[in-house]
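**Q** As they're listed, the protein sequences go chains A and B.
All residue numbers for the first sequence refer to full-length UniProt numbering, where the first residue is 1 and numbers rise by one.
All residue numbers for the second sequence refer to full-length UniProt numbering, where the first residue is 1 and numbers rise by one.
No lab work stands behind these hints, which were simulated from the structure alone.
The beta-carbon is built from N, C-alpha and C at its ideal position, and this holds for glycine as well.
Among these hints, one or two may not hold up.
List of simulated lysine to aspartate or glutamate pairs, EDC-like, C-alpha gap at most 20 Å [said to hold, decoys possible]:
no.	chain 1	residue 1	chain 2	residue 2
1	A	K406	B	E237
2	A	K109	A	D56
3	B	K430	B	E237
4	A	K284	B	D149
5	A	K28	B	D336
6	B	K286	A	D149
7	B	K406	B	D336
8	A	K505	A	E482
Over 12 Å on every C-beta distance to chain B, these chain A residues come out as not near it, computed from the model [stated by the list, open to error]:
no.	residue
9	D206
10	R377
11	G460
Protein chains: 2
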Amino acid sequence: MNPPAQTDTTPAPRQWNTRALEKARRLKAIEGWLDNGVLKAERIVDALETLIQSGDRVALEGNNQKQADFLSRAFAKLDPARVHDVHLLISSISRPEHLTLFERGIARKVDFSFAGPQSLRVAQLLEDGQLEIGAIYTYIELYARMFIDLTPQVALVCAVQADRHGNLYTGPNTEDTPTIVEATAFRHGIVVAQVNEIVDELPRVDIPGSWVDVVVQADRPFAVEPLFTRDPRHIGELQILMAMMTIRGIYERYGVTALNHGIGFDTAAIELLLPTYGAAHGLKGKICTHWALNPHPTLIPAIESGWVESVHCFGSEVGMEDYIEARSDVFFTGRDGSLRSNRVLCQLAGQYGVDLFIGSTLQMDADANSSTVTLGRLAGFGGAPNMGHDPRGRRHSSAAWLSLMKNDGPNSAIGRGHKLVVQTAETFKKGGEPTIVDALDAIAVGKQSNMPIAPVMIYGDDVSHVVTEEGIAYLHAAEGVEERRAALSAVAGVTPVGMRADPAKTAELRRRGIVAYPEDLGIRRGEAKRSLLAARSIDDLVAWSGGLYQPPAKFRGW
Amino acid sequence: MNPPAQTDTTPAPRQWNTRALEKARRLKAIEGWLDNGVLKAERIVDALETLIQSGDRVALEGNNQKQADFLSRAFAKLDPARVHDVHLLISSISRPEHLTLFERGIARKVDFSFAGPQSLRVAQLLEDGQLEIGAIYTYIELYARMFIDLTPQVALVCAVQADRHGNLYTGPNTEDTPTIVEATAFRHGIVVAQVNEIVDELPRVDIPGSWVDVVVQADRPFAVEPLFTRDPRHIGELQILMAMMTIRGIYERYGVTALNHGIGFDTAAIELLLPTYGAAHGLKGKICTHWALNPHPTLIPAIESGWVESVHCFGSEVGMEDYIEARSDVFFTGRDGSLRSNRVLCQLAGQYGVDLFIGSTLQMDADANSSTVTLGRLAGFGGAPNMGHDPRGRRHSSAAWLSLMKNDGPNSAIGRGHKLVVQTAETFKKGGEPTIVDALDAIAVGKQSNMPIAPVMIYGDDVSHVVTEEGIAYLHAAEGVEERRAALSAVAGVTPVGMRADPAKTAELRRRGIVAYPEDLGIRRGEAKRSLLAARSIDDLVAWSGGLYQPPAKFRGW
């Protein structure tokens with residue numbers, strides 16, 4: 001009960017700086033491989049073998065855009081007899097060598113958010129017992145744990161440039177780097193940064209040198225994927241119809257000004273209809289003014305037409321650099337002129353600062369639960385769960401948020417609004433498979449992989465609206481589970497779920513405004529033509545940008 | 001429909017860098033008052049009058065701990081004929097001059113999170129029509145909007161030191177500064193930093209100089225409040241009883257390892273019981289290992305006893321600096337040895353990375369809605385709403401989180417866990433007023449102030465447990481609204497709500513484990529003695545710390 005200072009049998013004092021000492025010990029061991037403070041590139045495998053110890057938590061920067069690929073390639077070459085059982089923290093398992101780490105026995109356990117391109121291999125390694133999943137996260141949830149119980153011993157990150165003091169310039173693709181580095185550096189972990197080049201003076205400092213331990217110049221510039229580029233040529237008339245309904249039936253109706261668009265052709269169609277269809281309905285300045293969004297090339301026509309006040313970005317997009325720099329009133333840019341993105345802050349903005357999230361789904365059940373997980377694939381969640389839920393910590397109001405208020409709790413004086421969480425889906429996929437199904441594949445995948453709960457991306461009780469090519473279900477206005485299901489069935493077409501719709505109930509729901517078909521919104525299906533798109537090709541986007549947008553080669557038709 | 005480049009009546013090209021130009025214009029106008037890049041302190045009023053324009057959004061760093069008080073004092077001296085109708089963004093309205101801005105007509109509108117010490121004056125100014133409230137927020141929600149539609153034209157922040165390049169050292173009280181600066185600097189706003197001193201070399205860089213426009217040396221070190229210091233002398237036996245119940249009935253039962261404690265004596269009691277009562281029950285290493293928490297002095301005995309693996313902090317605490325530096329295995333510290341706090345990242349950790357939030361409330365209704373708002377005061381929310389809700393974007397599991405899972409939705413295969421959101425309250429306040437009431441004062445306050453919804457701090461449907469001196473209501477286990485109310489009534493003592501408890505129903509709830517009285521948890525009320533506290537005074541805390549904790553003068557009894 002008494003303070004130990006007052007007892008006379010005090011044990012030997014505990015050492016309270018073991019982490020800092022261990023860090024110093026490891027760094028000391030690689031000292032000989034440094035040249036003027038910079039690690040010699042040819043020593044990278046030796047250095048990682050010294051800096052990383054078996055059992056360490058290692059945060060490897062690999063997200064859905066930029067990749068610390070020089071470091072990940074070196075990491076995969078370590079001797080598993082020396083370094084094994086590493087616990088990998090990675091937002092996106094994107095590159096083959098990320099899984100080589102497990103095949104070779106260097107890493108054992110992984111906590112991650114997204115595994116799109118490698119999702120089949122993740123499932124296979126899990127089945128073979130070569131990989132153990134800690135958990136699958138939405139991005140910022142993984143970062144949150146880096147400040148609690150998953151602080152990394154080592155972080156492997158990437159930047160564009162470093163100066164002689166270790167200051168880093170991350171440039172347009174700042175993304176996750178500051179967060180990973182902060183979690184590591186301030187808990188006495190070791191921060192290793194690969195850079196494209198080392199210069200005397202940086203355009204600006206994104207991460208101070210006193211947070212960085214080792215800088216190494218990579219053999220080639222870090223890899224980065226143009227993940228958010230959608231070629232308007234591939235936008236079809238059903239997507240245009242859904243976009244028209246979304247603009248009139250949701251954005252106009254609720255006056256949605258601050259929003260996030262998920263990735264895909266459905267949302268690209270909306271972006272490309274603003275300067276045409278949206279303008280024709282007098283909506284400029286009334287909707288879609290403030291965005292939490294990657295710099296989608298398909299937003300260029302809306303920006304050029306004066307629709308967009310501001311865009312805060314999770315990351316950047318290949319080819320958009322010059323355009324962003326020339327539109328600094330709209331984007332967040334530094335003194336050097338280039339974009340400052342920040343995934344955590346943009347996710348925060350997308351969670352708490354905007355009124356609407358809209359995203360496409362690959363599969364949805366009768367209760368509007370949805371998932372992009374399909375059998376045999378462990379794709380993960382990305383950022384959707386964070387933005388596609390009703391943030392119950394929100395306390396500020398907006399007209400859009402208040403319009404979804406229900407006072408159906410036990411006390412009618414205590415109410416709160418609701419985020420607009422919109423899911424879009426064509427009722428059938430290209431291959432003829434229904435999108436709206438009785439049971440999500442995610443349930444079976446969860447069981448197969450021994451997950452404690454099914455890996456649902458967006459939960460139905462968070463979803464306020466579902467848009468299909470048939471119409472809009474205003475789920476937030478439905479009363480009770482059965483009526484929600486009836487509303488969703490009414491827009492589910494000839495899927496098994498849609499076939500159960502009762503025409504009389506559907507008619508009632510349309511009268512009450514809980515279901516709207518295109519004609520209920522003043523939209524003729526025949527209007528939904530590609531000629532409505534402000535840009536119909538990548539070439540058009542380049543023209544809109546005045547030549548500032550420089551699409552990657554694979555998107556060029558010329 | 002066509003890109004404008006293809007039309008022949010293109011209007012004059014729009015200027016796309018008006019923000020950057022305006023910033024350059026304003027900075028140019030104060031150039032003559034700079035001395036080697038640093039603003040002369042005697043010119044601060046002139047400079048602010050030039051840098052701030054009427055109608056600007058100005059983010060003033062004033063949180064519940066540190067204050068940019070040199071800048072706020074100067075700000076309040078501006079000529080309202082020159083600068084008026086400013087829109088103030090401030091996390092905590094703490095200082096008298098924050099409201100002088102409104103009395104003098106310099107500022108007009110405010111968005112804020114907390115107004116504890118000034119809450120009466122806020123209410124008065126609002127009634128007098130001198131102040132307009134944009135909205136009241138939980139902290140990170142306000143920051144989120146700084147990246148969307150509330151980007152500041154000017155930010156007034158504070159740091160410990162600057163170097164000649166404008167790099168800032170914020171030291172232990174880093175808190176909100178990096179976030180406010182990022183939102184401002186990268187949208188071409190002007191960042192003005194007051195510093196305690198200007199030095200040749202900083203201990204570490206917290207904010208790069210390329211994000212900062214103007215540095216000024218303040219007349220005295222910035223103000224900072226020891227807000228999280230609780231003198232153990234004021235912890236009473238009811239609080240000790242509640243702490244015992246919380247430890248056994250919640251922390252032990254669910255195996256809570258990662259958590260956040262709200263401010264107050266209730267949670268201080270828990271912290272001080274860990275090394276004594278908690279240890280006697282064999283709980284060391286099993287509960288309370290990872291924290292999102294300010295450096296509470298009352299956590300010192302638990303740290304010294306080896307309970308605590310890590311603490312990530314929102315801010316710092318006056319007097320704890322040397323202790324933190326000497327315990328770097330536990331705290332997040334920089335190369336220089338001092339704490340790196342970060343309010344946004346700690347709020348994120350507290351939202352998504354921990355399993356439990358516990359906080360005290362001043363008033364709670366029969367449905368467990370609670371608020372610290374009382375009549376005539378507009379106190380705001382602080383951080384509680386962000387941490388005191390079930391984060392529905394969470395996708396990772398833990399044993400504690402899963403133990404609150406209910407599969408009571410329409411589809412039993414789709415379930416998710418729930419955060420432990422615990423509210424503590426003695427049934428009566430010191431003055432004899434009941435804490436548990438039929439209608440929250442917040443409802444009347446909301447109406448009086450024309451708020452769109454009542455300013456509820458924590459919503460009852462997010463609350464999983466209520467702890468009073470009578471017992472614990474396990475609300476998450478109750479079935480339906482009526483049973484939740486019955487469970488809460490059963491622990492509401494002789495308040496009006498408690499008087500409605502039906503003894504037969506209470507007995508049933510105790511049998512089913514939905515209500516637990518101390519004896520149901522193996523706790524004798526007579527055990528709840530102050531002798532159980534690991535420290536019974538500030539002096540004891542100093543002794544536990546080996547003299548490293550240096551309490552502010554007002555807490556010293558010697």
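**Q** Among all the numbered hints in the text so far, which are the ones the structure does not match?
**A** Hints 1, 7, 9 and 11 not satisfied by this model.
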